[in-house]
Amino acid sequence: MATDFWVSSHNTRWNVDRAALRQARAEDIHYVDHPEHLDFLALFFAGLIARLGKKLSLRQRVIATATVFFRRFYLKNSYCDTDPFIVIAACCYVAAKAEESPVHIKNVVSEARGLFSKYGIKTFPSDNSKLAEMEFYLVDDLECDLTVFHPYRTLMTLCWKEGSDSISDAEAGELGAGIDNGQRYWGTGEGRLEMHEGALQMAWFIINDTYRSELCLIYPPHLIAVTAIYMACAIHQETRGDVEKQSQLPHAFGGAQGGMGTTRRSSRTTTSPLKRAQPQDIVGFLAGLNVNMALVATIAQEIVALYALWDRWKEDGTVDSARASLKRSASGAIMGATPMGNSPIGTPATGDHGHGDQHPEIVTPAFLIQLLWRMREARLADLSAHPTPGRPVVVNKMLERAQAAG
Amino acid sequence: MHEEWSSNILLNDPMRMYRAKRDAARRRVTDKYTIQGFISSGTYGRVYKAQSKESDGRIHAIKKFKPDKEGDVVTYTGISQSAIREIALNREISHENVVALKEVILEDKSIYMVFEYAEHDFLQVIHHHSQSRTAVPMPVLKSLTYQLLNGLLYLHDAHIIHRDLKPANILITAGGVVKIGDLGLARLTYQPLQPLFMGDKVVVTIWYRAPELLLGAKHYNKAVDVWAVGCVMAELVSLRPIFKGEEAKLDAKKNVPFQKDQMLKIIEVLGTPDERDWVGLKDLPEYQSLKRLDAYRNRLGEWCQSRINSKEGFELLRQLFAYDPDNRLTAKEGLQHKWFQEEPKPTLNAFASLATTQGYPQRRITHDDAPSMIPLPTANSQAQQLAAQAQAAHLSQQLSTHPQSGKAGSAGAASFASLSGGAAGVGSGHARKKTRLG
Numbered sequence: 001m002a003t004d005f006w007v008s009s010h011n012t013r014w015n016v017d018r019a020a021l022r023q024a025r026a027e028d029i030h031y032v033d034h035p036e037h038l039d040f041l042a043l044f045f046a047g048l049i050a051r052l053g054k055k056l057s058l059r060q061r062v063i064a065t066a067t068v069f070f071r072r073f074y075l076k077n078s079y080c081d082t083d084p085f086i087v088i089a090a091c092c093y094v095a096a097k098a099e100e101s102p103v104h105i106k107n108v109v110s111e112a113r114g115l116f117s118k119y120g121i122k123t124f125p126s127d128n129s130k131l132a133e134m135e136f137y138l139v140d141d142l143e144c145d146l147t148v149f150h151p152y153r154t155l156m157t158l159c160w161k162e163g164s165d166s167i168s169d170a171e172a173g174e175l176g177a178g179i180d181n182g183q184r185y186w187g188t189g190e191g192r193l194e195m196h197e198g199a200l201q202m203a204w205f206i207i208n209d210t211y212r213s214e215l216c217l218i219y220p221p222h223l224i225a226v227t228a229i230y231m232a233c234a235i236h237q238e239t240r241g242d243v244e245k246q247s248q249l250p251h252a253f254g255g256a257q258g259g260m261g262t263t264r265r266s267s268r269t270t271t272s273p274l275k276r277a278q279p280q281d282i283v284g285f286l287a288g289l290n291v292n293m294a295l296v297a298t299i300a301q302e303i304v305a306l307y308a309l310w311d312r313w314k315e316d317g318t319v320d321s322a323r324a325s326l327k328r329s330a331s332g333a334i335m336g337a338t339p340m341g342n343s344p345i346g347t348p349a350t351g352d353h354g355h356g357d358q359h360p361e362i363v364t365p366a367f368l369i370q371l372l373w374r375m376r377e378a379r380l381a382d383l384s385a386h387p388t389p390g391r392p393v394v395v396n397k398m399l400e401r402a403q404a405a406g
Numbered sequence: 001m002h003e004e005w006s007s008n009i010l011l012n013d014p015m016r017m018y019r020a021k022r023d024a025a026r027r028r029v030t031d032k033y034t035i036q037g038f039i040s041s042g043t044y045g046r047v048y049k050a051q052s053k054e055s056d057g058r059i060h061a062i063k064k065f066k067p068d069k070e071g072d073v074v075t076y077t078g079i080s081q082s083a084i085r086e087i088a089l090n091r092e093i094s095h096e097n098v099v100a101l102k103e104v105i106l107e108d109k110s111i112y113m114v115f116e117y118a119e120h121d122f123l124q125v126i127h128h129h130s131q132s133r134t135a136v137p138m139p140v141l142k143s144l145t146y147q148l149l150n151g152l153l154y155l156h157d158a159h160i161i162h163r164d165l166k167p168a169n170i171l172i173t174a175g176g177v178v179k180i181g182d183l184g185l186a187r188l189t190y191q192p193l194q195p196l197f198m199g200d201k202v203v204v205t206i207w208y209r210a211p212e213l214l215l216g217a218k219h220y221n222k223a224v225d226v227w228a229v230g231c232v233m234a235e236l237v238s239l240r241p242i243f244k245g246e247e248a249k250l251d252a253k254k255n256v257p258f259q260k261d262q263m264l265k266i267i268e269v270l271g272t273p274d275e276r277d278w279v280g281l282k283d284l285p286e287y288q289s290l291k292r293l294d295a296y297r298n299r300l301g302e303w304c305q306s307r308i309n310s311k312e313g314f315e316l317l318r319q320l321f322a323y324d325p326d327n328r329l330t331a332k333e334g335l336q337h338k339w340f341q342e343e344p345k346p347t348l349n350a351f352a353s354l355a356t357t358q359g360y361p362q363r364r365i366t367h368d369d370a371p372s373m374i375p376l377p378t379a380n381s382q383a384q385q386l387a388a389q390a391q392a393a394h395l396s397q398q399l400s401t402h403p404q405s406g407k408a409g410s411a412g413a414a415s416f417a418s419l420s421g422g423a424a425g426v427g428s429g430h431a432r433k434k435t436r437l438g
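Protein sequence lines, in the order shown, are assigned to chains A and B.
Heads up: the first sequence at position 111 corresponds to 111 in full-length UniProt numbering, and the numbers run straight through without jumps.
Heads up: the second sequence at position 67 corresponds to 67 in full-length UniProt numbering, and the numbers run straight through without jumps.
Chain A with its partners taken away, still in its complex shape:
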């Protein structure tokens, strides 16, 4: 079923593990000075997709789908073998169609050219057919799996309130549309979590931010949504106050039922803690969802690691993100509020390449674009020259892949 995540192509074919991600970058890593530069590239490209999407007036969900397409494409391809900018444009173009809000190819080409030229990229073709050609190859590499699931849906199913005004107008439609037509596709609990407007908005932004990393390839969307809710509750001042108050009271840990009987209140009353009779038991609600909370804690750590990386990313203009709030909140608030302490699974992304030491250097778009150019040149040189003793692997991989695909 097209709306059942468990049997979807997303779940059955496109959830990968860290080893697969490493394998996907196996060629690129030869051409960068530091492995974390690849994480910066991932951050940068997702940012470009979001910017191009905004220019094309794409909704957040379409931008998210485009980003997932981009990530999936680079599971099978290397940055150094391809031109990520045309791939970005093709992802936006296909995602708009896949999400039933098509944009004209002409607009994509002209907006992409405009956007990329600001970064000094002059190679983007002005010819529509080049983008259409890329679309064709992209759809093929995506194996025609064009239906993507996103955490927004879980967030809205769990937390959406009628008359909620926390999310900007552009996104309000996404909250409301067809919500009563839907079914919960996972979870045992019923009812909704009533979040503060600010906390709900924050959860939404955290989800937006996760697309800057490769989390969308590793974890199912509903877990990312629960993590975003959990983090938002921990960061959002008022919500945190409520949770702390409740944790003083033993009965608040009564379990999943805590939130069920609560009647829905209007958004105006929820914003004032003084008027609320009794705050909902958030910890109990999350527990009642019956998801793997250890995994949620791991995802939270990865998001925190993403923010740490992002802090060293300098781009002109401001980016809306939940990072600022995260920095404002007391350090360790996230981990402090974790119900189960340290996660047993995996390590956050920054630790991934074995470089525990912090690189305080600042990374900019100009740096990455230069890096990318150098990567591509070096790669071409390697492919055309005799395989150098240092890198025979690179060429062999090509062959292997071609054989595997054939």
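The hints are all genuine.
Distance ranges between label pairs, derived from CB positions:
hint, chain 1, residue 1, chain 2, residue 2, range
1, B, 251, A, 312, 58 to 64 Å
2, B, 276, A, 247, 54 to 60 Å
3, B, 357, A, 106, 55 to 61 Å
4, B, 326, A, 15, 36 to 42 Å
5, A, 106, B, 251, 24 to 30 Å
6, B, 361, A, 55, 53 to 59 Å
Cross-link-like lysine to aspartate or glutamate pairs, in silico, DMTMM-like; alpha carbons within 20 Å at most:
hint, chain 1, residue 1, chain 2, residue 2
7, B, 66, A, 140
8, B, 249, B, 286
9, B, 32, A, 141
10, B, 109, B, 31
11, B, 332, A, 4
Hint data in this document are derived by calculation from the structure and do not stem from the laboratory.
Only a predicted model underlies this, so the values are computations on that prediction, with no experimental measurement involved.
By construction, the Cβ of each residue, glycine as well, lies at the ideal position given by its N, Cα and C atoms.
Take the given structure of chain A and dock chain B to it, following the hints.
Using the frame of chain A, we list chain B on its own:
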């Protein structure tokens, strides 16, 4: 010097290496399938019958989307919305009563969708009986309707509205299993980013179009498919479309006109809709146009009397034709209807009751066209077009006794005539080009 060479590649065609690698790895359609012949054509492209070169030698229907052309040169212009839809939805679904997509092959600017093969379709069954002046036997009628509803229930549970159910799009395998085909107009309705009417101004072929659509409703739902099931069931019963209206054309500004004749055909049988039975009728954009039509009383009972020899059969049809979409049966309620519980009961093989000599003829294919599946060199393209036209004409003559034949070919897959086709196509000897909004 080296550097210069690589810079040139990077500047002029940065994806050249990538494409070369992908092209080398690709397996072509003709590597995997032997094309046996041509089945049908439509706006979307053409459908071929093909045998797999794998050891099972299974038969498939390969739908080739038309490559876009600028003049005589085949070029990339972007994959159509309907191809994206059909591919995206088909990759996610799997049900006995929905045509299964085996794979999609992208090659030389063309998209090939490889489907399981179905020997028959509803249109062909209707045609066969109308030519032999026999009725569709009750067990067959009931099984086909039941399985159609069963496939539709699956789609609706998956939040998919088909939006183009009609006899030509509903296939039947040689083993008597109904397969709903052609999701080219289908849409996922789960949390749409924009209202359905924004995408496609006109949906469902005119004769099968639900009254709320005819009356200009901006918001519609799965019930439009259920109406079409009613029309299809009635057509199986009477061997001609029950509401066979003339389609009014779009005006110069592409505004959708009120489909007066189609609405009239409906109320002549079902009577003039009453505000008391249809909450919200008054608010529909074309309500005033409806009021200007002559008033009729409901004659569905009389219509059924001579055609369906069953009180419950009439009951089912009556409920499928409920004017108010909210009162119309759902696919699920349809399956639970008493008609399916009384003898003869529906069977998994819809043809189970037929004697071996009674079967339906095999799908006709033409062989001469097979080579043109592979694009010919540019110089030959005119000849190719001529051949295609000749063939389309041939095909429509074959089917000229059926009113739909002038439209988009016969069986197997889509014929989208929602906008320009309709009854206007009747009797014209040539398959005409159809366009579609969206």
